[in-house]
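Colleague: Dock chain to chain to rebuild the complex, using the hints, since each chain is given by itself in its own frame.
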Amino acid sequence: MPDKPLYVLLADDDEDDRLIFKEALEDIKIKTIVTTVNDGIELMEYLTQDGVLLPDVVFLDLNMPRKNGMQCLEEIRNSPALKHLTIAIYSTSGAERDIEETFVMGANVYIKKPNDFSTLKKVVEEAMRINWQYHISGSNKESFMLSM
Amino acid sequence: MLFLLSNLQEYSMAVFMNILIKYDISLTCKAILQEQLEKLAIDFNIIGLNEIEFKKDLLPEQTELLKSFLLKYGIEIIENQKTALVQKIKDAITDMVWSDDILPNIATSAYLADTLNHSYGYLSNLFSEITYSTIENYIIFQKIERVKQMTISGNYTLTEISYQLNYSSVAHLSNQFKKTTGLTPSAFQRIVKKKRENRAAVSN
Numbered sequence: 001m002p003d004k005p006l007y008v009l010l011a012d013d014d015e016d017d018r019l020i021f022k023e024a025l026e027d028i029k030i031k032t033i034v035t036t037v038n039d040g041i042e043l044m045e046y047l048t049q050d051g052v053l054l055p056d057v058v059f060l061d062l063n064m065p066r067k068n069g070m071q072c073l074e075e076i077r078n079s080p081a082l083k084h085l086t087i088a089i090y091s092t093s094g095a096e097r098d099i100e101e102t103f104v105m106g107a108n109v110y111i112k113k114p115n116d117f118s119t120l121k122k123v124v125e126e127a128m129r130i131n132w133q134y135h136i137s138g139s140n141k142e143s144f145m146l147s148m
Numbered sequence: 149m150l151f152l153l154s155n156l157q158e159y160s161m162a163v164f165m166n167i168l169i170k171y172d173i174s175l176t177c178k179a180i181l182q183e184q185l186e187k188l189a190i191d192f193n194i195i196g197l198n199e200i201e202f203k204k205d206l207l208p209e210q211t212e213l214l215k216s217f218l219l220k221y222g223i224e225i226i227e228n229q230k231t232a233l234v235q236k237i238k239d240a241i242t243d244m245v246w247s248d249d250i251l252p253n254i255a256t257s258a259y260l261a262d263t264l265n266h267s268y269g270y271l272s273n274l275f276s277e278i279t280y281s282t283i284e285n286y287i288i289f290q291k292i293e294r295v296k297q298m299t300i301s302g303n304y305t306l307t308e309i310s311y312q313l314n315y316s317s318v319a320h321l322s323n324q325f326k327k328t329t330g331l332t333p334s335a336f337q338r339i340v341k342k343k344r345e346n347r348a349a350v351s352n
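For the protein sequence lines, the chains are A and B, in the order given. Counting with this note's numbering, you get residues 1 to 148 for the letters of the first sequence. Counting with this note's numbering, you get residues 149 to 352 for the letters of the second sequence.
Wrong hints could be hidden among the right ones.
[To be verified] Covered stretches of chain A, as calculated for chain B (at least 3 residues, CB under 8 Å): (1) 96–104; (2) 132–144.
[Stated by the list, open to error] Restraint ranges, calculated between C-beta atoms of paired labels, are given here: (3) A:D116 to B:A258: 38 to 46 Å; (4) A:N68 to B:D262: 34 to 42 Å; (5) A:K31 to B:N323: 30 to 38 Å; (6) B:N198 to A:K31: 18 to 26 Å; (7) B:Y259 to A:P65: 52 to 60 Å; (8) B:K220 to A:P114: 52 to 60 Å; (9) A:P114 to B:Y259: 32 to 40 Å; (10) A:K122 to B:E277: 15 to 23 Å; (11) A:K83 to B:L207: 18 to 26 Å; (12) B:S334 to A:G51: 43 to 51 Å; (13) A:K4 to B:K178: 15 to 23 Å; (14) A:L19 to B:L207: 36 to 44 Å; (15) B:G196 to A:L19: 31 to 39 Å.
I should point out that these hints are in silico values taken from the structure, not numbers from a laboratory. Glycine included, each C-beta is placed from N, C-alpha and C at the ideal position.
So here's chain B without its partners, still in its complex pose (with noise of 0.2 Å):
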């Protein structure tokens, strides 16, 4: 204390006044983060120093907002290097099995380690580790999650929608859509178009 009143008479008999501030860095962050964040107006939760947690997903368009405000402080958003090859991996299967072209007779092993530029080997551990799931079931998910849109849609048959996905028989599609999900294709039909009957009926 003694050392600042010298300190402030030292400078009060130059002209110029100088004053001499301390600031605690991580309470000035999280002050311009509350600031920055409370703009998007989405409930948030500041976890430490260096995490946010959101209440909801950010569409893409509110994480390009966020970035533009926090730039100017000087604080960048982060995405780990690890989780953005797994989603390159998840963009690239997911651009295999809904492309308008019949799905490929090449190993998906082979294709996604010439789209990405690293060995199979690599991706496939990378994608357990990170998702606690195979690539194997992500391209199972994807298959039979355009199945039942294909199926939806109404407009094709089963035969051609096992054609379109590269199955080998209409039976091998049938037995991995039960498998996957519990339910025989028939099923699953039956079921969403009694779902549009009931919206149906509801909004008339």
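Pulled out of the complex, with its shape left as it was, chain A reads as follows (with noise of 0.2 Å):
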């Protein structure tokens, strides 16, 4: 793993998610900074600031207000700047279709959201792992799955 902290984007509508994960990727032996946002158009303004630093991962709730994950999902995919981005969908949904859906959409890991903490600290962690495992070995972005 990499010397310095990965950085994490996370984008849920939900505070208390939003603590809990936090306090996951804390507890966790991978370096993270993260940044949260509160709902989809908070994350596309966030992403296309100028000489913003995009993150390492983009963690993405599907259910929010005003932009849900899926808009957001296929403005990431469609955008130069933003496509190469790692997307792990972060929701509450276990639904085989709304899985396959998202990795249609491109994206790169389904997490379902555990019921506990140790689970979460588990599958986040394995998640980023695996992303990291992507970005050494230059293997192709593009087959990037992961459902959990």
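Modeller: This is the structure we're talking about:
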């Protein structure tokens, strides 16, 4: 893993979920810096600021007001500046159809929000680790799909 | 200050004039680095005295270019030796997994030890220390990547793929695929196909 912290951006409208997510990241072995935004509009504004430092991974809730995760995913994949970003969907739905649909739209990771904290830590750490593996091995990002 | 003045007087009596200089070596180096790095036109940060962070990965050509820029100032890019050996381990695994030949039946540990001239125990510990992962994990990662690429190409059946990559059975391949990606090979295939159709629809 890298010596410097990885930069993580989370878009989720639920305040509790944001807090728990941050705590989970603080608890894992991989060092991270986390920024959170409250919905899809904020996310896209954040990502398109001039000179913004782009995150190593974006965790994206699907159900958000104003602009939902699917719309963000589509905008990100259609933007030349952002399309290479690793997108991890972070959702309460575990329906196979939703999962496949997000991969078709270009998501790299699908995490069904776990009910307990230790599983959350485990899946988030695994997602970060696999993303790093793709990053350093120069493997084809196009085929990076991981459902947890 | 007085010392400096008297020195100058002394020198001024000679035909030649010498001046004394003093410099801040770290500032000098930083200025040189700054100048040379700007030629690459990639955003960077100079961290402390001997580390440079780039906002993007350098292409091999760019690294070579930078090496040549810096060489005339006696500045060298050092790659950590341990990191270099880990890279060799990865390269050896990649070569083996992505070869056109059918994956050999020999133990990977023996293959790596032979290829790299170190004991497997040493390689394995070093790999875990540097990558926080294991050699076994890395092999599975590369094998599943190859399975994906072969699936995407559409030219192979799962049976053929499992034979090529020396899985004991299709079931074993499917299980490892599911365990590694969370998806079944057929779901993966379906997703890739839909992605392609979407892209075709957009470009039409």
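Colleague: Which numbered hints does this structure break?
Modeller: 4
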